[in-house]
Amino acid sequence: MSKGLVAGVVLPLVAGLALLVTLGGPVRASDDVDLQVTALAKDGRVLVSFRLTNGFTSELQAAIRSGLAATIAYEIELRRGGTLWFDRTIATSTVTASVRYDNLTRQHQLSRTVDGRGEEPRLTEDEAQVREWLTVLKRLPLFSTKQLEANAEYYVRVRARTRPRVNWLLFWPWDHGAPTGEARFTLIQ
Amino acid sequence: MLTLRDNSPASTSARPRRQVSGRRPFRDNPLLIIVSIAMLVAALAATLSFGSRSSRFSPDFLTEFVLYALSAADLAMILALVFVLARNILKMMVERRRGLPFAKFRSKLVGVLLGMTLIPSVLVLFVGSELIRTNLDRWFNAPMEEIVASANRTAGDYYRERQKLVSDTSLRIATALAPLGFPDAEVTKVFDVIKPEVAPLRTSMVEVYRVVLGRGPRSEVSAVAEMRVPTFPSDYNRVSADRLAERVASGSAESHGFEPLGGGGELLRSAAPVRGKDGGLAGVVVASDYLTGEMAERSRRMTDAYEQYSKLKVLKKPMFGVYISFFLMVTLMILVGATWTGLYLAKRITRPIQMLAAAARDIGAGHLDHRLEPETSDEFGSLVEAFNVMAAELSNSRQALERSTQDLQRQHQEVEARRRYIETVLERITTGVVSVDATDRVTTINNAAVRLLGLGGTNAGMPVADLLGRPELAPLLALIEGAGSGRQDPPAQEIALASEGRELHLAAAATGLHGEGGATEGTVLVFDDITPLIRAQKVAAWREVARRLAHEIKNPLTPIQLCAERLARHFQSAAPSTRALVEECTKTIVGEVESLKGLVDEFSQFARMPAPKRIPTNLPGLLTDTLALYAGLFREVKIECGAPPAMPLVRVDPEQIRRVVINLVDNSIEAMERRGQVVVEVQYAAAERVARIVVADNGPGIPANEREKLFLPYYSTKRRGSGLGLAIVRRIIAEHGGSIDVADNEPRGTRFIVELPV
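One line per chain: the protein sequences are W and D, in this order. To convert, note that position 7 of the first sequence is 7 in my numbering; the numbers rise steadily by one, no gaps. To convert, note that position 684 of the second sequence is 1684 in my numbering; the numbers rise steadily by one, no gaps.
These are computed hints drawn from the structure, not numbers from a lab. Among the hints, erroneous ones may be present.
[Claimed, not checked] Now the stretches of chain W that chain D is said to cover, found in silico as 3 or more residues with beta-carbon under 8 Å:
hint: 1; segment: 95–109
hint: 2; segment: 132–145
hint: 3; segment: 151–157
[Stated by the list, open to error] Cβ-to-Cβ under 10 Å is the rule here; a few derived chain D residues that face chain W:
hint: 4; residue: His1256
hint: 5; residue: Gly1293
hint: 6; residue: Ala1296
hint: 7; residue: Tyr1306
hint: 8; residue: Lys1311
For glycine and all other residues, C-beta sits at the position ideal for the given N, C-alpha and C.
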């Protein structure tokens, strides 16, 4: 290879990219974010509860206070483990919890959808309620047990995605490190 | 640019034709290149324009689309750049390893162009990134944040204060209405309660609802009274007030509400429950405060400013990423463009030369029909035209050369055939031929010459002076030198050579070889063995002499003999002394006449020897019978006879051959003075198809210088004899187509060898 080509092209290119990455620096999500999931089969429904601990980050609060509509979308999968093959997804559901803050009236408008079906929005001034609204969902009857096999073990996997995104790697916008939680349950009939 | 055109039929059929199709490649299409550059510039402009508007993008669009798209585009371009660079670097490495021309030049050109572009681009990228970071930090400095936050707080406090006033009003009215006995309170009393509260500077509107128990879990409300100030906007819609009342009636904690109005302005609402006499929920009071359009808009604008500022602050990092990605994209576009331009320029410059070099190699390999097709009229086009002219001339020259070569080959074949013919003739003929070149070195000498001159070994190439260095061959050398030196060839000469007692007569002629300019290129010496001819001439002469001698002598002999006998008879009666003298004289005369008659008979026989009557003859038997005649004649001579166990019959005249054997045996016996050993042997050489009769004695032998004279008539070493014996032997053998030779016998004596064809 030509020495001129190495000196004139390759080295500056590699050095430039390395410097850009260093200059941009990674913006990492908070490491202690945890998604705790519990699942319970009762009355023909699978009731799913989850709590996103430390998910109400300062960045998210800042985004809310800026008037941006903040949403945490929970993608819930009902899956059954396989021994010889990949785990099978039986059903999926998406629950979104949104909040929009009005700086003039100082009220939060809370809204929630389950698989696209919306509930009546609420207004509150209490930030703790907002946190609860966004990060805690209890006993959501998301799946029917009719499609499940009795006395079999299943698990519910929940992945939380926050919008607007407040953490990512520079030059790597693809989502990484979205908090995920699982809960296993056995359908006893 | 140019393409390769191959006109040779072989190339068009066997080899893939390297002809470019009608569709020109991208790199050779200026219109496409211009369009591509225009599209690249447009993409850059669009990118910059797009980037300048990024602050107005919605967060989701910014983070979910723009960032993804830009990052994907950047990664794609980085991969494309790395791929193009890696591909071309590998290609250049391979080309340089193979020693292809201009590989080094191409790598240098691309490296320089890319380096010249890359370094400033990366620097601009760094500086631009820092500028963006600095500007973004400057946007969100503390004073600005404080200002917008204060404005927001002011607007919020104002709203909160107005909200509190409305809330207090609704609570106060609700407290005042409770004693009226809801839900059955009189409407007039209700109006009396709310009337003092509705005034321009206090409350804009008050609505009172009665709670009606519904069928469901939620309570229903029914409007009882409504009072508003005259300045209240006409586009008021009471639905929101009804909903707020229902919520409060249902026990909800949400007692506040805001309702933007279409014509500007905003309503601040507050609801308060009215208790009945039993303390239960019996009614709802909704008090509304109207904020004028200007006031509401100003407050909203302050809040919007704060929210915009806050949003930008929240989206500071994504926006920074977007700007950096834009910058990186522009840089990568420039780099990709520079790389492609460098490669394009390098290829544009080197490709025609490479194709010329390849075409030159093709032509050098013999494909003279290859042509390059010029596609431009610039210097390269002229170069290609000159190259094609050169190739055409080379092709024509080659065709002419091939024709000449074919002619030469044909001539060479003809010459070679002629040479082989002449060589065969020279090898087969009995004429000796010696040719020498201008440097007097022997170029050709045939077998006959070697045999006649008694030469041996390889003679071609040696100086002719060495070849003919023997003294007896000096006349031949002189003849060659004479032919080579003069303009005219010397006349043919008869040269007698004496070697080992044998006399060889040669008729020799030398001819000079002259080139086109008359220069002497060599000499050819031709000589024939005319010894048999000389011998035949001599024999013929002697035969004529013998015939005449016999004729002239024989005729007077009879009268002489008769006269002598008559004298003897006449002197019978003479005196005894006379008679004795006469008888003695006449006896001598008659004896000598008889002797002369015998001599004349031999001469006559030599002169008139008949042609041989050949019949198949058993030679060993013939010899045995002949030698039997000597049995007991010579007591001190031992005669032995030898013959092979089997041999074919030989067509000879038995009588003449018998005479030959007798003559040879007689000569041997006489040479040994009738004491010694004579061996007569018959041999058969099957390969040569020759029968040999060898007569060997152990006598004194014959000197070498006298051997040739042995076969001449009247040559004899004996005291008696006519000297015709061996001459007759030679003639008989010659008449049979054979030959006779004489040599020394081992350990002593003479050996006559007669060869007869079988």
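Here is how each hint holds up against the structure:
1. 95–109: Our answer is that it holds, as 6 residues pass the Cβ test (under 8 Å) against chain D, meeting three.
2. 132–145: Since 0 is below three, the answer is violated.
3. 151–157: Answer violated; 0 residues pass the 8 Å Cβ test.
4. His1256: Cβ of His1256 (chain D) sits 7 Å from chain W, so the hint holds.
5. Gly1293: violated, 15 Å
6. Ala1296: holds, 9 Å
7. Tyr1306: holds, 6 Å
8. Lys1311: Status holds, d = 5 Å.
Hint check: violations occur at hints 2, 3, 5; the rest are consistent with the structure.
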